[in-house]
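**Student:** Whenever a hint applies, use it, and build me the whole structure from the sequences.
2 protein chains.
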Amino acid sequence: MQSERYFIGLDLGGTAIKFGICSKQGEIVQEFQQPTRADKPVKTILEDLAHAIQTAQEFAKQHQLPVAAVGMGTPGSVDVECGYLRGNTPNFKHWKDVKIKQYLEEKSQLPLWVDNDANMMAFGEATFGAGKGFSHVVCVTLGTGIGGGIIVDKELFRGSNYAGGEIGHMSIKFDGEPCRCGGIGCWELYASATAMIKNYHLKSGDTSIRSTKEIFEKYYNNETIAREVVEQEIEMAAVGVANILNIFNPQMVIIGGGVSESGDWFIEQIATEAKKRAMLPSSEGVKIVRAKLGNSAGWLGAAAFACHRLEE
Amino acid sequence: MQSERYFIGLDLGGTAIKFGICSKQGEIVQEFQQPTRADKPVKTILEDLAHAIQTAQEFAKQHQLPVAAVGMGTPGSVDVECGYLRGNTPNFKHWKDVKIKQYLEEKSQLPLWVDNDANMMAFGEATFGAGKGFSHVVCVTLGTGIGGGIIVDKELFRGSNYAGGEIGHMSIKFDGEPCRCGGIGCWELYASATAMIKNYHLKSGDTSIRSTKEIFEKYYNNETIAREVVEQEIEMAAVGVANILNIFNPQMVIIGGGVSESGDWFIEQIATEAKKRAMLPSSEGVKIVRAKLGNSAGWLGAAAFACHRLEE
Numbered sequence: 007m008q009s010e011r012y013f014i015g016l017d018l019g020g021t022a023i024k025f026g027i028c029s030k031q032g033e034i035v036q037e038f039q040q041p042t043r044a045d046k047p048v049k050t051i052l053e054d055l056a057h058a059i060q061t062a063q064e065f066a067k068q069h070q071l072p073v074a075a076v077g078m079g080t081p082g083s084v085d086v087e088c089g090y091l092r093g094n095t096p097n098f099k100h101w102k103d104v105k106i107k108q109y110l111e112e113k114s115q116l117p118l119w120v121d122n123d124a125n126m127m128a129f130g131e132a133t134f135g136a137g138k139g140f141s142h143v144v145c146v147t148l149g150t151g152i153g154g155g156i157i158v159d160k161e162l163f164r165g166s167n168y169a170g171g172e173i174g175h176m177s178i179k180f181d182g183e184p185c186r187c188g189g190i191g192c193w194e195l196y197a198s199a200t201a202m203i204k205n206y207h208l209k210s211g212d213t214s215i216r217s218t219k220e221i222f223e224k225y226y227n228n229e230t231i232a233r234e235v236v237e238q239e240i241e242m243a244a245v246g247v248a249n250i251l252n253i254f255n256p257q258m259v260i261i262g263g264g265v266s267e268s269g270d271w272f273i274e275q276i277a278t279e280a281k282k283r284a285m286l287p288s289s290e291g292v293k294i295v296r297a298k299l300g301n302s303a304g305w306l307g308a309a310a311f312a313c314h315r316l317e318e
Numbered sequence: 007m008q009s010e011r012y013f014i015g016l017d018l019g020g021t022a023i024k025f026g027i028c029s030k031q032g033e034i035v036q037e038f039q040q041p042t043r044a045d046k047p048v049k050t051i052l053e054d055l056a057h058a059i060q061t062a063q064e065f066a067k068q069h070q071l072p073v074a075a076v077g078m079g080t081p082g083s084v085d086v087e088c089g090y091l092r093g094n095t096p097n098f099k100h101w102k103d104v105k106i107k108q109y110l111e112e113k114s115q116l117p118l119w120v121d122n123d124a125n126m127m128a129f130g131e132a133t134f135g136a137g138k139g140f141s142h143v144v145c146v147t148l149g150t151g152i153g154g155g156i157i158v159d160k161e162l163f164r165g166s167n168y169a170g171g172e173i174g175h176m177s178i179k180f181d182g183e184p185c186r187c188g189g190i191g192c193w194e195l196y197a198s199a200t201a202m203i204k205n206y207h208l209k210s211g212d213t214s215i216r217s218t219k220e221i222f223e224k225y226y227n228n229e230t231i232a233r234e235v236v237e238q239e240i241e242m243a244a245v246g247v248a249n250i251l252n253i254f255n256p257q258m259v260i261i262g263g264g265v266s267e268s269g270d271w272f273i274e275q276i277a278t279e280a281k282k283r284a285m286l287p288s289s290e291g292v293k294i295v296r297a298k299l300g301n302s303a304g305w306l307g308a309a310a311f312a313c314h315r316l317e318e
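Protein chains in written order, with our numbering: chain U, 7 to 318; chain X, 7 to 318.
Treat the hints as calculated values from the structure; they're not laboratory data. We put the CB at the ideal spot given by N, CA and C, even for glycine. Careful: at least some of the hints might be erroneous.
Just so you have them, the derived chain X footprint on chain U, three or more residues with Cβ under 8 Å [claimed, not checked]: (1) 105-114; (2) 127-133; (3) 200-212; (4) 215-226; (5) 263-273.
As a list, the in silico DSSO-like pairs of lysine-lysine whose alpha-carbon atoms are at most 30 Å apart [stated by the list, open to error]: (6) X/K30 <-> X/K282; (7) U/K105 <-> X/K281; (8) U/K282 <-> X/K102; (9) U/K30 <-> U/K209; (10) U/K138 <-> U/K46; (11) X/K46 <-> X/K138; (12) U/K113 <-> U/K99; (13) X/K298 <-> X/K160; (14) X/K204 <-> U/K282; (15) X/K160 <-> U/K160; (16) X/K224 <-> X/K138; (17) U/K99 <-> U/K204; (18) U/K160 <-> X/K293; (19) X/K282 <-> U/K99; (20) X/K102 <-> U/K281; (21) U/K160 <-> X/K138; (22) X/K281 <-> U/K293; (23) U/K282 <-> U/K298; (24) X/K99 <-> U/K282; (25) X/K282 <-> X/K224; (26) U/K281 <-> X/K138; (27) U/K102 <-> X/K282; (28) X/K105 <-> U/K293; (29) U/K293 <-> X/K102; (30) X/K281 <-> U/K99; (31) X/K293 <-> U/K281; (32) U/K99 <-> U/K49; (33) X/K160 <-> U/K138.
**Tutor:** Structure below.
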């Protein structure tokens, strides 16, 4: 179709820049990846990003696909209206206080929007993934930490100053462990992949385990300690999900991140436990499902966001 | 001024129907109160509400004040678009599944909107009270339980099914006490007026204390136990407020309810503790203040809501 428009999305991660081209409906045309040079100066990273966009633009040109806009996700706190990264980001050495939008729009000559990477991932899952067709969605990423993205009426909820939605740092144990964020008893200390691995080390004394995948393998082999650790992970994940239900009363909670890759049975158990703890009116009818887009969620969400903003 | 319009607000409480007339700017023209007959059938309560509106209408007529619309707050979960009370409410015997809007619009011949009473109170504080001029406000009521209302971009946030915003039932201790809501370790078990009084009973063995006011009096008299209880209340209130900051990143948190009447110093201590626990970007610049409108917040908020809806 002549009038079909395409979008470029970028996801700046600590190790790789994932990017691609998709249609307005989220059909992937082409995906790319290039290494992130996280230790390099701002200018180098900006040039790498501009190069990525150029790669996608050239591909689009060759295949006669008109590109309408670019979206991008970056770690850190982003002033979305200005496309400005405020303050610094962990895992990057110099990547702070960057006028991302200004630089990349000039280079690409395309309208471009930037937001936080967790938000973009959530927007991707909500728009093109598990949440397609729903308007009130909360995405939870059980990874190294716990990230989240909140979609209310099809819009990302960011708080008054782009610093809301930090569900991983909601305290679920006021007298618990101190968190790197300065808080006490944050959810991610109990239900992230990191917490799960730490718990396994603690219970087994075996510190050779490095991933939740290994723990799940031991779980399937009926190892007692692995079973305890997985059951505890389900309970701890459920505590936070129950809070999300009571606070946001969403239509859907999407659970992603490394831990979720263990399978649907795992998400179903979290759902059952969460609904036990949540209030009936807040949890009635809510769907609690597994993320669908895997590693493509970030750049797809960024592309979806660019499309959404362009149409406003 | 000829073109000035006035609004009637009603707040249906367990013991009294508080109502009044105010201007668009929230200036109180007249306040009224009549007893709630909470044990009577639905029909009686509806007639009492209609009577209250009539009283206000007659007053307005006598003083040549044109009334544009009516707003009302009721306990329970309300389908705001239909003005329908869904399910029942504690403290009322028969007050459930009521077509409030339909009945009262017919009786009063005025456009009328209904919402949950905690939402109306929050909307009142946010529109005419401590939150005047702010657009991202969370109201917390430390009373028998902990109620809340969340205002995002000047609109009440209710969740996908009018059952969100239950901040009092956010778990802050996953291995804590069971709550009447079915959850475990809910915030209101640790920071409500009820919790504070229970804590005093527990620590002192003196169960004659019936109000937080008495505890604050003992606190001012330097009673050791009262000081401990007040300090614990500050800490427990701060835990939940810190979560609110990390999740909602509002411009302002307004604290109301019986416990807050102890004074500004008490709110300031909660603010200091909450900011210690919250993330810097989420809490930077946030104002944490005491509610201003007291018992009038509910009906004033209902009137403000009617005005807001009429103008849409």
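**Student:** None of the hints should be skipped; say for each whether it holds.
**Tutor:** Hint-by-hint comparison with the structure:
no. : hint              : verdict
1   : 105-114           : violated (count 0)
2   : 127-133           : violated (count 0)
3   : 200-212           : violated (count 0)
4   : 215-226           : violated (count 0)
5   : 263-273           : violated (count 0)
6   : X/K30 <-> X/K282  : violated, 39 Å
7   : U/K105 <-> X/K281 : holds, 29 Å
8   : U/K282 <-> X/K102 : holds, 24 Å
9   : U/K30 <-> U/K209  : violated, 48 Å
10  : U/K138 <-> U/K46  : violated, 38 Å
11  : X/K46 <-> X/K138  : violated, 38 Å
12  : U/K113 <-> U/K99  : holds, 24 Å
13  : X/K298 <-> X/K160 : holds, 18 Å
14  : X/K204 <-> U/K282 : holds, 26 Å
15  : X/K160 <-> U/K160 : holds, 18 Å
16  : X/K224 <-> X/K138 : violated, 34 Å
17  : U/K99 <-> U/K204  : holds, 27 Å
18  : U/K160 <-> X/K293 : holds, 28 Å
19  : X/K282 <-> U/K99  : holds, 27 Å
20  : X/K102 <-> U/K281 : holds, 24 Å
21  : U/K160 <-> X/K138 : holds, 27 Å
22  : X/K281 <-> U/K293 : violated, 34 Å
23  : U/K282 <-> U/K298 : holds, 25 Å
24  : X/K99 <-> U/K282  : holds, 27 Å
25  : X/K282 <-> X/K224 : holds, 27 Å
26  : U/K281 <-> X/K138 : violated, 37 Å
27  : U/K102 <-> X/K282 : holds, 24 Å
28  : X/K105 <-> U/K293 : holds, 29 Å
29  : U/K293 <-> X/K102 : holds, 27 Å
30  : X/K281 <-> U/K99  : holds, 28 Å
31  : X/K293 <-> U/K281 : violated, 34 Å
32  : U/K99 <-> U/K49   : holds, 12 Å
33  : X/K160 <-> U/K138 : holds, 27 Å
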